[in-house]
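J.: Chain by chain, the residues:
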Amino acid sequence: MFPIAHFLYLGAFLFSAGLVIVIVKKNMIMVLLGIELMLNASNLNLVTFNQLYPDSIQGQMFALFVIIVAVSEAAVGLAIVIKVYHYYQTSVPDEINELKD
Amino acid sequence: MAATPSYDTAVFMACAFSALFLPLFSFAVSLLISEKYSWLVTFTSPFLLLLSTLAAGVVLYSTWNQQPFTMTWNWFTVAGSTFAVGVFLNNISALMLLVVTLISFLVNSYSAGYMAGDPDLKRYFGMLGFFTFSMLGIVIADNLLLVFVFWELVGFSSFMLIGHWKEKSKAADAAKRAFIFNRVGDVGFLIGLMILWAHAESFNLITLSTSSEALSWKTAASLCIFCGVIGKSAQFPLFSWLPDAMEGPTPVSALIHAATMVAAGVFLLARVYFLFTPFALDFVALTGCITALLGAFAALAQNDIKKILAYSTISQLGFMVLAAGAGAPEAAMLHLVTHAFFKACLFLAAGAVIHALHQAQNQSHFPFDAQDIRHLGGLRKKLPFTFFVFIVSGSALSGLPFFSGFLSKDAILASLMVWKGTGFSWRWLIFGSAFVVSFTTVLYTFRLIWSVFQGEEKSTAHLSITEPPLSMRVPMTVLAIASLWIIVSPNPFDFSGWIYGGLRSNSEYLHISAISIASASWVLLALAFAYLIKGRTIRSSMLLNAFYVNSIYKIVVERPLFQLAEITARTDKKLIDGILHTAAYAQLIIANVAGWFDRAMIDGVVDDAAILAKGVGSFTRSFQGGKIQLYIFWAIFAVIIFIIWTLL
Amino acid sequence: MTTLLFILPFLLIYTIVAIYAERKISAFIQDRLGPMEVGYYGFAQSIADLLKLIQKEDIVPAKADAPLFRVAPIIIFTTVFAGFAVLPLAPSWTGAQIDTALFFLIAIVSLDVVGIVIAGWSSNNKYSMLGTMRSAGQIISYEVPLGLSVLCVCMACQSLDLQEISYQQSIFQKTPQYLFGIPSLGIETGSTGGFLLWNIFRMPALLFAWVIFFVASLAECNRAPFDLPEAESELVAGFQTEYSGFRWAVIMLAEYGMMLLVSILGAVLFFGSWSTPLPNIASLPLAKWTSGEPGTLASTVWGIFWLLGKALFFVAMQMWVRWTFPRLRVDQLMNLSWKYLTPMALVLVVVIGFWKLIFS
Amino acid sequence: MNIASFMFYFFEFAAASSAFALIFIRNVFYGALLLIICLLALAGIYVLAFAEFIAVAQILVYAGGILVVIIFGIMLTTKISGKPLVVEHMYELSGTLAGLSLLALLIYVISRETSFAERAVYQQQYDSVNRIGIDLMSEFVMPFEIGGILLLIALIGAAVTASTIKSK
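Residue numbers (the numbering used here), protein chains in the order written: chain Y, 915 to 1015; chain V, 1030 to 1677; chain D, 27 to 386; chain U, 412 to 579.
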């Protein structure tokens, strides 16, 4: 079978990719995608680490709750994005800097 | 506290304090009563004073010829020296207490009629109460410091009362004058107190009287205190405020002359008599003699009813002081008491005349000076009661037999007789001048009576003049009765009655029949002479102006004072202002330098700090660019650094 | 894997038949003949249409997103087809044996919408876009009552494994079964078998769950009266407007495949799966005769026969509904889902929970 | 290489490559589709890690739910026709730096732990779906209920936030 390290490498890669996306992308929806990617990377890790404890299911349970939270986050985040877009006619977070000055 | 079992201490104390504080209560009531009900004070004040008088009567009855009553409380402590408040009641003060309250009560009730319709009744009656309270304070205080305090309060309340009609500039001036003259005397008093404190370390009268033998600087202290007496009792040379004080309401004059203000001086003299050295007593006697002569002669030439009475008061006060200086304070006190009654009576009678004439004038709109005897005459028929009272009290003043004045004057003359000794000395002169004063007194008294009541009616001929109201007549009657010989002694030719006996501290001066006879005949001679001249006026401006004492003041005191003031003003302007200006310029220069320093250095530092803060702020603001992703980058950056840190 | 080999050809044949059936049923409902020209009673009409479709040009609109446009039908078909993988066809013939088959099916059904969205969006056409939007909204909304009605079954059977659920409804189950799930009634149905073991008889509330399931599945399939995504009178053809030829054929294939999928699922969940409807009546063991022994060829054949029979019945029912009811408006559609079906399904979940608590 | 290994590496490759492509992709819609691929691949990996329930939940919730929502967002915030949806990049250097350094760091840490490389995934003794169901209703009932409340709040909140009805 496949060693746990491979899962973890994939998780690390996904997380880093998500981070890069979050920092680099200029569109809020892309940023949200990046966040989802990071959440999934952490989920992967949780599921993987569950393997380290044979009698426990807590890792999967945690992953389940992460999914729940991710759903909420995505729903509210997108609602905000849509509202912001209607208001500012843009979905580029850098252009919404009224608080700056 | 040395209380004898002959009276109940609690009741006695209650009486003493109610006698003292009821006038103050009257003052408070008068001030606090609403403006709308101000007429009430004309009832409350006499009533309270009546109660006070009754209390004083009980006190007198209780303490007369008993152990003196003392009571002391600590007042305050300064630098280890404790000052006390206390009461010291002996025969003199108990007697004085009654006299003051009684006359104050009578004057109050008289005022109720006299001052009716005055817009400032509240203030008037309030100050009457306060005046009485202050005087009573002097009377019963057991230490000189407290006496001084009340002494000043007397000065203040007399100032308020003399200047009661403050819209009259003369009244205001007179009030000021009285106040200033009193202050001059009080300076002496204060210095005397300091000397006493420095040497005796006590103000307590009893302590002082027991330790006065060993006291140094006694002469100086006593003379300084006598300065206060001169000011308060209008002795030469500080007497000219008293005639001016006639600008006040007549009942106030009565109060000042009879019981409160001027009596305070003589009372003090009697109270601290033990302090006076023989030399000081000689000085006192000389001052009294000069004052008596001066007042008597000045009274001869006056045209104003009240001024005549004022100078007569000065003269009589001089007599009292003379008696005290001659070593007979009890005679002085006796005369003070008798004088209080008949002089109050005279003033009230004069007030009645003035009041009646004013009433008449107000109805007829016929303006003339109602106090000028040259406009008056023949009022005997229109004011018979007043005339009668005037005659009785005037006789007492003149020292006619069967009147109280005769007996008290007799006591003084008797003491002088003994005092002058047998060998010829300057004291004979004083003894002689006493007779001169006595003669003159008869002259000016009857000149006054003659001018006002006898002869033809002058300006008043067409006026319908009525007798004063009952509230004024009753006090006058009481005082007239009190002017008879009977209050002094049952024997109309022997002054050694209950008062003299109670006041006497030694038995040196006794009744001398020869003196009585001489005095009586001398007075009758004067009366005859007075009838002869029938109120003819002595036109002497020197006498009218009381020997130009005021003018002398102007030249000797006022002008140098003004010159001194001018010199000091010039000094002030040139020298002190110059120094000040220089200091100001120096300050200005320093301020400019400091200002430059402030701007350049301190503000510079602050500005630089602000610029620095701004720089730091804009630097850190660059992180807060509203760019979420940069925040995330920095956060991750920090986390990476942190992880590396923990790994290494 | 064997399921795949069976399902894929079956699906193609079924689609052709279904299209023909649709036409005939609609004609029957509308009191007309339908296709009559090609072959006997026009039975070859669908084959002819298919041939025509294959011959058609594969048009990709110039402004469309070509790669997505091309891949979208495949995605749609793949998702539907993936759903067949976990279906049990017979007592001894299961698809992918996973514990969460039911859950997986629901997931797959909802994934269908991704393909539709890609198709509509890549077409770069307003009608396609509107159809896509409607489709996405509709599918996501109806997933809720669908999922809840499936949850009812899941609660009744206490399993997510479809084969397990099927076994519970067959005479092969070992535990004693009672009519309506009420032992106190005293009617033991385990040995009787037949339709009495179906879920709707084991748990009567599931009949209402099935109604909800059926309505929701209609919406999931974009079938009338919920065919708003492709309402031809409004949107030309919805998300598939721009498609033609073989790609359109694949979309149609996926659509009919979806119908079959939810029908099979309905049969499995509520109507006894592959088990026979005929009960053992006293000495007449009809159930035994029509089931065969597990593992034997007979049981497999019987199982496929009964399962597909039931499924095709439901497909026919869907067609019947399509030609009977008018189309709903969008707001009515949403109201039905959120205000009626979802609360009812929730109530059913509670009812079944209490039913099980009280009567077991 | 058996079929499971093949599947595993295929899924890994799919997930990694789609995530990698996601970094460079400039089309939001493509990005969303790539994410779907990535998530489905992850679901496959979950199955191979014997977490079937999570895998199905992943498909149902992520691929089916969230992605549809995201696609909705894309559609609502971009023009349907006209210019293609192009996403600008910024802070490329910072982002790359942060990502690379984090990746390097994580790889270093994971490789340091030798037990990870030796340990292989295996199937648990218990029925994981059953176990999850029981645990959700017993040990984790509190977080489960809170999660439910959170979802409800998010649902209402998202609906209200995105609603165009003007509040009075």
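Hint data in this document are derived by calculation from the structure and do not stem from the laboratory.
Any given hint could turn out to be false.
Calculated pairs, DSS-like style, for lysine-lysine (alpha carbon to alpha carbon, straight line, at most 25 Å) [to be verified]:
1) D:Lys152 x D:Lys50
2) Y:Lys997 x V:Lys1656
3) V:Lys1205 x V:Lys1065
4) V:Lys1197 x V:Lys1583
5) V:Lys1195 x V:Lys1205
6) D:Lys50 x D:Lys89
7) Y:Lys940 x V:Lys1656
8) D:Lys200 x D:Lys50
9) D:Lys82 x Y:Lys997
J.: Now look at each hint and say whether the structure bears it out.
T.: Results for each hint:
| no. | hint | result |
| --- | --- | --- |
| 1 | D:Lys152 x D:Lys50 | violated, 33 Å |
| 2 | Y:Lys997 x V:Lys1656 | holds, 19 Å |
| 3 | V:Lys1205 x V:Lys1065 | violated, 31 Å |
| 4 | V:Lys1197 x V:Lys1583 | holds, 23 Å |
| 5 | V:Lys1195 x V:Lys1205 | holds, 11 Å |
| 6 | D:Lys50 x D:Lys89 | violated, 38 Å |
| 7 | Y:Lys940 x V:Lys1656 | holds, 10 Å |
| 8 | D:Lys200 x D:Lys50 | violated, 44 Å |
| 9 | D:Lys82 x Y:Lys997 | violated, 44 Å |
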